[in-house]
Amino acid sequence: MSAAQRLAEAHELLAEHPVVDGHNDLPWALRQQVRYDLAQRDIAGDQSAHLHTDIPRLRAGGVGAQFWSVYVRSDYAGDEAVSATLEQIDAVGQLIDRYPGDLVRALTADDMEQARAAGRIASLMGAEGGHSINNSLATLRALHRLGVRYMTLTHNDTIDWADSATDEPRHGGLTDFGREVVREMNRVGMLVDLSHVAATTMRDALAVSAAPVVFSHSSARAVCDHPRNIPDDVLALLPANGGVAMATFVPKFILPAAVEWTLAADENLRAHGFHHLDTTPEAMALHRAFEAERPRPVATAATVADHLDHMREVAGIDHIGIGGDYDGTAFTPAGLDDVAGYPNLVAELLARGWSRADLAKLTWSNAVRALRDAEAVARELSATRGPSNAVI
Amino acid sequence: MADLQDEPPSVGIGAPDLQAPAGPETTASALERAAALLSVHPVADGCNTLVWTLRQSPYHDIETPDAGVDTDIPRLRAGGVGAQFWSLLVPPGARPPEDGAAGDRVVCDTLEQIDAALTLVRRYPESLRLALSADDMADARNRGRIASFLGPVPGRALTGSLGALRAFHALGVRALAPAGAPWAQEALTAFGHEVVQEANRLAILLDLAGCEPAVARQLAGASKAPVIISNTAAAALNPHPHNVCDEVLALLRETNGLAMVTFDTARTGDSLHAVADHLDHVRAVAGPEGVGLGAAFGTEPPGHRPTGLTDPSGYPRLIAELLDRGWPESDLALLTWGNAQRVIRDAEFTARRRPSPAGV
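Here the protein sequences come in this chain order: A and B.
At position 300 of the first sequence the residue is numbered 300 (the UniProt record's numbering), and the sequence of numbers has no breaks.
At position 319 of the second sequence the residue is numbered 319 (the UniProt record's numbering), and the sequence of numbers has no breaks.
Just so you know, not all the hints are guaranteed correct.
[As the list claims (entries may be wrong)] Derived list of chain A stretches under chain B, where covered just means 3 residues or more per stretch with a C-beta under 8 Å from a C-beta of chain B: (1) 89 to 103; (2) 142 to 153; (3) 230 to 241.
[What the hints assert, rightly or not] Quick list of simulated restraints, FRET-style, between CB atoms: (4) Gly-273/A - His-193/B: 33 to 39 Å; (5) Glu-300/B - Val-391/A: 55 to 61 Å; (6) Asp-61/B - Val-391/A: 18 to 24 Å.
[Claimed, not checked] A short, non-exhaustive set of chain B residues, derived as facing chain A with CB atoms under 10 Å: (7) Leu-111; (8) Arg-123; (9) Leu-130; (10) Leu-132; (11) Arg-143; (12) Ala-187.
Source of the hints: derived by calculation from the structure; they are not laboratory data.
Cβ coordinates follow ideal geometry from the N, Cα and C atoms, glycine included.
This is chain A alone, in the form it adopts within the complex (with noise of 0.2 Å):
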């Protein structure tokens, strides 16, 4: 089979099993670029020039679902930090009522079923980090009323209750309270997503956790030792649980030598005054000079093919997906570059010999069980406990 075969058959897969994206950052990039002023970016048409996403990529790329983060800053803290995740699920919902012909809430797995049969892009909500609540299990379930369906357990910083991948740890992983907090998603039916937390703190919140984890936005740390990485002994506990790990496309994640890149990337950025993770114009401007002097190692699609063969590997075939983590990144693969890019992945996967029903799988089927086996098991849950109103 000739590549445009296969890029062919691709496509030809995605539009029955399209992809279901464990992370997109769009919302976070409406508010950074234009205060949420969404006839500013009219996702309708083309956006390239200021976005990795808009409808017509998403469309050409076979997105069929999308867990829209509602990220906020992990140095927000308090009120702040709930406040801000309010206007995120606002935005997002905002959004959706924009392009009612395109895009669909969608709060169960069921509503992803829908939207994939109507031909819509089903929303669902995640959000990154648990300083979103403010310790308050009350508020986590006023994030689940209003739409979320997956909360990170931290973002890039050590939280009172969870240790961060790249913040130091705290607690040795969980809290006790941590632990409620996950017991509390479980009931009221919320996924706990482990990207971004210690490897402690995702055995932990394995052990503890009673429904499917996801990684919305990770890959494998066998293949690229970095911490927002999965270890290959908690990917072997995904078949067990039943989650899912999304694999994602971050180049400075999956690509060892991107890893070192950033590293002194990074440090240039907070050397002329900005935050590492600053995507507007002048940061990215510095980012170019810098990559003038030191060329930027280029991910591509085999490098995110590499990682999902290994995940495969150890955590089955039934316990992978993907998490582009577009709109979140300063940087994304070469062929990957934008929400139009899966169909590449999908195609060099078919020439690495997975098959259409290893693939649906990947694209779609597996993340979707995620949130229906974790729908019933808060079912379950729900039948037999009331809410918690533990403190920390």
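Since the structure of chain A is already known, use the hints to place chain B on it.
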């Protein structure tokens, strides 16, 4: 039109355990007429703080009579209450000063209050029913449930964000109290005007309780929908700082708003008659369509309550007193139910009439 269909069920008025009338001039026949009136036009009360009280003392079971708080389901039923706004404000001074100083809990406090209110309503499905609209209010009455509206939430909880207001609305909140918000201090700020517009667009009632008269006037003027004062009394009779002055009452009359009279010795005086005096005055100044009830029960005794109105079972005695004072039954029907339902419906009409905003 659901409210015009079906026979409203009896809400248990005139049960044998009803206490004796408060005064000799309140005749048994007046009480019977009050009970009959309330069975058709139950009380829609504008303010009850039970949600916060139960969070402090979660061991009260409000399905048992005399639960240890002044509000429980048997006494709501005995009082003929058919709709209740459950206040989601956190009382001043309820938080330790260090928390207040950080200013870092008002959003979470509000989300926790909403969560507690929803839990309360779900816990007593035979008695309480979440109400999001005037139709829900009528529907709850027809099913013999107490329509439970969430609100107000404090204006401070918006923390400068209309997104937060929309989130509260999505969670079921239908009233907002600007008092204490930075955008409604001495004057309504530009953001305050935005809040009013957005509240109008969402059919969230503005509750002016506790607002300075100048701000109250601005809010009533800016709002395209009628405003309410969920618990108040007449400043002309008692110049308590939170009582409403005649000027604002007259403005409510002009704008079809509603002043809901509280039962509080410090604000109304210590007898049922004193409360009736305030109702007479508010009716005279704001008009029969501008007066309602907002007792502000929901506290642990001993509260500072007028004799005969120490808990929600007292409403029939108050209605009997007003009958004795010559209030026509049609005005009483407005006082107990009609006015509250009308302002909610007016807010909904206003919301439907207004175009969606461009952008956010």
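Outcome of the hint check:
1. 89 to 103: holds (count 5)
2. 142 to 153: Coverage by chain B holds here, the residue count being 3 at a Cβ distance below 8 Å.
3. 230 to 241: violated (count 0)
4. Gly-273/A - His-193/B: 33 to 39 Å: Given a distance of about 37 Å, which is inside 33 to 39 Å, the answer is holds.
5. Glu-300/B - Val-391/A: 55 to 61 Å: 22 Å, violated
6. Asp-61/B - Val-391/A: 18 to 24 Å: 22 Å, holds
7. Leu-111: This interface hint holds because 4 Å falls under the 10 Å limit.
8. Arg-123: Cβ of Arg-123/B sits 9 Å from chain A, so the hint holds.
9. Leu-130: Violated, because the Cβ-Cβ distance from Leu-130/B to chain A comes to roughly 12 Å (cut-off 10 Å).
10. Leu-132: 13 Å, violated
11. Arg-143: 23 Å, violated
12. Ala-187: 24 Å, violated
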